[in-house]
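Student: The lines below spell out each chain.
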Amino acid sequence: MIRILFFASLRERLGEAEVTLAPAPELKTVADVRAALAARTDGRWAELLSVEQLLLAAVNETMAPPETAVQDGDVVAFFPPVTGG
Amino acid sequence: MIRILFFASLRERLGEAEVTLAPAPELKTVADVRAALAARTDGRWAELLSVEQLLLAAVNETMAPPETAVQDGDVVAFFPPVTGG
Amino acid sequence: MTMADTISSDLNSPDGPFWHRIQTAPIDCGAAQQWLSADIVGAAGATVLFTGQVRSEQGQVSALSLEHYPGMSEKVLAGLIREVAQRWPLLRALAWHRVGDMGAGDAIVVVGVAAAHRQAAFEACSCLMDRVKTEVPLWKKVSGPDGSDWVDARDADLAAARRWHDSGEADER
Amino acid sequence: MTMADTISSDLNSPDGPFWHRIQTAPIDCGAAQQWLSADIVGAAGATVLFTGQVRSEQGQVSALSLEHYPGMSEKVLAGLIREVAQRWPLLRALAWHRVGDMGAGDAIVVVGVAAAHRQAAFEACSCLMDRVKTEVPLWKKVSGPDGSDWVDARDADLAAARRWHDSGEADER
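Protein chains in written order, with this note's numbering: chain R, 9 to 93; chain Z, 9 to 93; chain X, 61 to 233; chain S, 61 to 233.
Simulated from the structure, these hints should not be mistaken for lab results. Even for Gly, the Cβ is constructed at its ideal location relative to N, Cα and C. Heads up, some of the hints might be wrong.
The calculated lysine to aspartate or glutamate pairs, modelled on EDC-like cross-linking and capped at a C-alpha distance of 16 Å, are [claimed, not checked]:
#1 X/K135 to R/E69
#2 S/K201 to S/D212
#3 S/K135 to Z/E69
#4 X/K201 to X/D161
#5 S/K201 to Z/E20
#6 S/K201 to S/D166
#7 X/K201 to R/E20
Some chain X residues well away from chain S (every beta-carbon gap over 12 Å; in silico) [stated by the list, open to error]:
#8 P74
#9 G76
#10 R115
#11 R147
#12 G207
Bound-form chain R, shown alone (with noise of 0.2 Å):
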């Protein structure tokens, strides 16, 4: 499985923290993962990971590129900017 982790705002929006996805080959990177999200019509999801929204997003909490491979047992975040400090 894939685990799907969210923070702040996002988190907060979605009424989610995590979900998990099943492996698949269209899951191949962190931009896919996103889109598989956003795919989702219930709630929010469309709206809050269209790809109009500035996030970040981390695999296996390292910072990561929306080309980032992504496999089976990874954790992948998204989260908005940082505002630490």
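Fit chains Z, X and S to the given chain R structure using the hints.
Tutor: Same frame as chain R, now just chains Z, X and S:
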């Protein structure tokens, strides 16, 4: 009288922390005071106060370039470049 | 997986030269300064310590809540310290970041370095702080009389962090 | 009139926004940080604290003695703080300098500022420290196994201080 103070290595090498000079028509500026001191023939005054030595001066606790006016009652200080901090 | 409410494990330690920490407990800035200055060989001539505190914004901010990505935030913080210490010759460096709930005036973050000379210390501390602001997965939510909302990322912070990329480090990676 | 061995009078005070001090007693850096952070209106988002300490220089320095020009050193220090606070919007600023005898690892000077934003805090603190190094009448003498000698002024320090003149302040005077 004009009070003259010396600090740090200059004080140590002169063997004096303070001298006084009587006001005189030829003692118009900091440079004049320095020249008067350098004219002393006892000890190392000529060497240590010569214009070749890199020294700073203050008049009444304010940094003062050589052309600064000096008058009766002033406190003039000479010292090497500062090394605090 | 919402707000982290545990103090993260310390793989690093006060005994080594680098010390990062994500913590829910209040930050003790005095302790940070003391640790930086305690260089037993006496080779550190300069320390620079930065603290970021919750601003009240004329009463518009009464509380601040900080969420992080547990595990990743510690990892990124540790990596930033290592990178900064490769660019400037540092004897010690620390970065402690608070998460969870805090109020106006509370310290959110403390970042500090010790070096032989002050120029390196100022630059390294400033760089480390700019990168903490833009690279560690942390998110602020502020509460005030009009309710609460997430803070937007500032372009000025991204520009500040880019300064350091333009002048070396990132180019070499 | 040799080594100053009195704590100079405080015309300024911990109750105001600026605090300068020439002191023979050891410097308490934690107290400096605490004072900077204690901004009751919560308007200060950033503090930057610099400390300079006696370096042992691989055992070549066992003790350091600092002479100053009593009266003038306090006056210059106070003036520098005022000038820096005119250039950057500071909520608090302090500069405490130790004089007299100290040993390796002891703090010689602590300079710190509090501001709304970090860029101003870093720049103001760095500028204040560069100017303290080159404008306050203070002189270091170091002692080691080979005897003692006065420290020469460094060109690098003068160059560092000039940076701030070139980019504004001094031009406006």
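Student: Go through the numbered hints given earlier and state which of them the structure violates, listing their numbers in rising order.
Tutor: Failing hint: just 10.
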